[in-house]
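Chemist: Sequence:
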Amino acid sequence: MTADNNIAAMAADGSWLAHRYDAERDSYQMRYLSRDAHDAATFITDDYLGTDTDILAVDRREIISHLPANKPLHFILHSAFCASTMLARGFNLPGVSMGLKEPVLLNDIVGWRRRGAERTAVAERLDHGLRMLSRPFGNDQAVVVKPSNVFNSLAPVALALRPESRAVLLYAPLPVFLVSVARKGLWCRLWCRELLEGLITDGMVDLGFEPRDYFRQSDLQVAAVGWIAQHQLFARMAKQFGPERIATLDSERLTANPAAALASAAKLFGLDVSQQFSGNSSAFSTHSKFGGSFTTDDRIAEHKAASDAHGDEIEKVLLWAEQVAEAAGVDLELPLPLRFDD
1 MTADNNIAAM AADGSWLAHR YDAERDSYQM RYLSRDAHDA ATFITDDYLG TDTDILAVDR
61 REIISHLPAN KPLHFILHSA FCASTMLARG FNLPGVSMGL KEPVLLNDIV GWRRRGAERT
121 AVAERLDHGL RMLSRPFGND QAVVVKPSNV FNSLAPVALA LRPESRAVLL YAPLPVFLVS
181 VARKGLWCRL WCRELLEGLI TDGMVDLGFE PRDYFRQSDL QVAAVGWIAQ HQLFARMAKQ
241 FGPERIATLD SERLTANPAA ALASAAKLFG LDVSQQFSGN SSAFSTHSKF GGSFTTDDRI
301 AEHKAASDAH GDEIEKVLLW AEQVAEAAGV DLELPLPLRF DD
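Numbering (our numbering), first residue to last: 1 to 342.
Calculated from the structure, these hints are not laboratory results.
Worth double-checking, as some hints may not be accurate.
[Said to hold, decoys possible] Label-pair restraints from in silico Cβ distances:
id, residue 1, residue 2, range
1, Glu197, Pro335, 41 to 49 Å
2, Glu24, Lys304, 47 to 55 Å
3, Asp26, Ile300, 42 to 50 Å
4, Gln240, Ala301, 35 to 43 Å
5, Pro68, Arg216, 52 to 60 Å
6, His303, Trp187, 17 to 25 Å
Yeah, the Cβ is synthetic: ideal placement off N, Cα and C, and Gly gets one too.
With the sequences and hints as input, model every part of the structure.
Modeler: Laid out in structure tokens, this is it:
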């Protein structure tokens, strides 16, 4: 078999994940991942997949030349700590769809853009990256990708490039989000600062603050600013793309009835689940990050313990954040809520 035939075979097989984009060499790092490997990994990142010596570098233009027409691709976009991984896992439905959990390829394109890449070149790489990620597994109808929220600044571009794609915009209500940040401790507080830095770099934060103001804000205030900025983006996307392509969903509705949420999201995505749909039930009864049994009651108990421990701080920051959002014209409730089937 020639090298060209090998690349053609790889291009036709969704099990060959376009794992990373190497901008310097303009190539993809291709990594073979079975459906079971996807399901077992919290995210499809090196931290969870481990070292693989069989990663193959493939020229971007060469493999793109072998791809067929665009395949169906839909999105779960999120602002963190809202059970998005659980929902993405639920779309591992053989014969229906495959859920991709935070592919690093998209982060690589964001990073390249932040380093000063030219806009049209970024759009081309994004278009090609989406084509690579949309390759189905076997006879699946579609791929559902849940990017890292680092990708959110490019999400409107992705939907513009893929007019047939639809998206669920998933978020935790602000009080729940702040409880999550407080509960997760120092690493999460630092991550929220890193997230805000990226949002500012991407031009997504316009809430009336001067750069020096963030040095005077507490960790939870910084977390709230990041949440509001992403919420503002989601509201704009809902208005821009409308109910035919966008539905919004909060974490409390999702975790209260995950099977109904999954079925309704599948309907939005145009997936045929008439012959097979009980949902990927294991996705709803295990901890999305750490495995093991984890129910809605467990989640409620975790949040109550954090609220009891950090209640005073959370209450004060919540009042402050509500005033910031009001001044910026950001509604804390998103439009176009996902309608659950009766």
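Chemist: None of the hints should be skipped; say for each whether it holds.
Modeler: Comparing the hints with the structure gives:
Against the hinted window of 41 to 49 Å, the Cβ-Cβ separation of Glu197 and Pro335 comes to about 29 Å, which falls outside the hint. A C-beta distance of roughly 49 Å is found between Glu24 and Lys304, which places it inside the suggested range of 47 to 55 Å. Taking 42 to 50 Å as the suggested C-beta distance range, the pair Asp26 and Ile300 conforms, at roughly 48 Å. Distance hint check for Gln240 and Ala301: the Cβ-Cβ separation is about 39 Å, which falls inside the suggested range of 35 to 43 Å.
Taking the beta carbon of each, Pro68 and Arg216 are about 54 Å apart, inside 52 to 60 Å as hinted. Range check, His303 to Trp187: about 18 Å between beta-carbon atoms, so the 17 to 25 Å window is met.
Hint check: a violation occurs at hint 1 only; the rest are consistent with the structure.
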